[in-house]
Amino acid sequence: MKFLKIAIKDLKTEFRTKGTVNFLFLFAFLSIMLFSATVEKPEPALLWIVFIFAGMLGYSRAFLREVETGTLEALKISPVSPSSVLFGKILYNSVIMLMLEAFVIPVFMAVFNTYPKNLILAVAVLTAGNLAFVVVSSSLSVLVIKSRARELLLPILLFPVVFPVIISTVQAFSMAVSGNLDGIQGPVSVILGFSASMLAVGYLTIDYAFVE
Amino acid sequence: MIAELRNIEKSFGRFKALKGITFSVGENERIALLGPNGSGKTTTVRIISGQIRPTGGEVRVFGKKRIDEEVKKKLGVVSHNTFLYEDLTAYENMKFFAGLYEVGESRIRELLEEFGLWKRRHDLVRNYSRGMKQRLSIARALLNEPELLILDEPTTGLDVEGRTRLFETLSSYTSAMIFTTHNLQEAEMVCERTLLIKDGRVVYDGKSENLEEIYREVME
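Line by line, the protein sequences are chains A and B.
Just so it is clear: in the first sequence, position 53 is 53 by this note's numbering, and no numbers are missing.
Just so it is clear: in the second sequence, position 95 is 95 by this note's numbering, and no numbers are missing.
Accuracy of the hints is not assured; some may be wrong.
Claimed, not checked - Ranges between beta-carbon positions, derived for each pair:
| # | chain 1 | residue 1 | chain 2 | residue 2 | range |
| --- | --- | --- | --- | --- | --- |
| 1 | B | 182 | A | 124 | 56 to 62 angstroms |
| 2 | A | 99 | B | 159 | 41 to 47 angstroms |
| 3 | B | 159 | A | 19 | 53 to 59 angstroms |
| 4 | B | 129 | A | 11 | 45 to 51 angstroms |
| 5 | A | 12 | B | 129 | 22 to 28 angstroms |
| 6 | B | 7 | A | 152 | 36 to 42 angstroms |
No lab work stands behind these hints: they were computed from the structure.
Just so it is clear, CB atoms sit at the ideal spot from N, CA and C, and this is done for glycine as well.
The task is simple: from the sequences and hints, build the whole structure.
In structure tokens, the structure reads:
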């Protein structure tokens, strides 16, 4: 259960400094306001643009902060497995992601005066897609932390890898919003399968990526 | 044998930091790794503590080739990097690491009292002075009562009082120790055996006596 200790430590640090949370919420709010001023008909993909860019900039912070402060070395010398560190970061990012969803979805619905026909399914699909995004960005963060251009490299690597999840989530979310659920199993299976396989890839590669 | 290094090599890109380091550390033995900046002292101890892997040679710590969780439970590391979370309090830092080492909370109090930090345990580490951070870093490294304590230039940034306190603590410590420094007096004071390292190679391995003379002879 050491991954839990790492996640709790990260959440404690984040709620004290609010560096990532403030940025994510402000970015999400400003994006929605900008869309509301320029777009007449809300498309489900718009909501995803908010999550993708907020997540891309925010989720990698969990690992990058450890690198910048030199505390990643503290984790390397401690009796904790690299996979526990990865799962701790995924759990921490998932909590941040759920908070962001809890803020963005009602604001989006209120601003655009729109309401999904199947709200529970829409939120479930969005959460599954976001979770896949968290898994991918957390796993890739480990691979780029040694690079000097890590903040530039992560989005470049992230987009092609996470593309199938984005497409599938937008499809499934659109179906849930419109209430037409025919064929929703396809994109949902892609999201779940992708999350599971990326989790496995992260678990199998982190030992090599973690230690120089 | 606590640690054994045989013909250890480490390259960073084209740069060869270590070119065949060989030495061993016995039980309760205190050895100093002495050498100028960039000679390979820190790289050597980072390999022993499992932070980096060697590109050649063989390292065994507590008889194991892989520096895994079991080995790390017996290690304590102090560095010029404090390895502390600045946005957590001293107590929160200690509690976090105690959790990773599976050490009880009574040990945290014992160490914070010993290092004179108990009264300020609820202060954020970022508000600590350099000396206090280093004391807390040493307390963190001693949480698990390590069988091998690795000190990588621990006096960097410490004032005279901080150094005195550190050496007092080390004198009461009886387990094996590896102490890296570029200060001859510190090596003589803390360790009975010294290894001189130059350009990634061990050029002297012997008693910590007359080091100034030996250093001049070997290094120049």
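To see whether the hints hold, each was checked on the structure:
no.	hint	verdict
1	B:182 to A:124: 56 to 62 angstroms	holds (60 angstroms)
2	A:99 to B:159: 41 to 47 angstroms	holds (43 angstroms)
3	B:159 to A:19: 53 to 59 angstroms	violated (32 angstroms)
4	B:129 to A:11: 45 to 51 angstroms	violated (28 angstroms)
5	A:12 to B:129: 22 to 28 angstroms	holds (23 angstroms)
6	B:7 to A:152: 36 to 42 angstroms	holds (39 angstroms)
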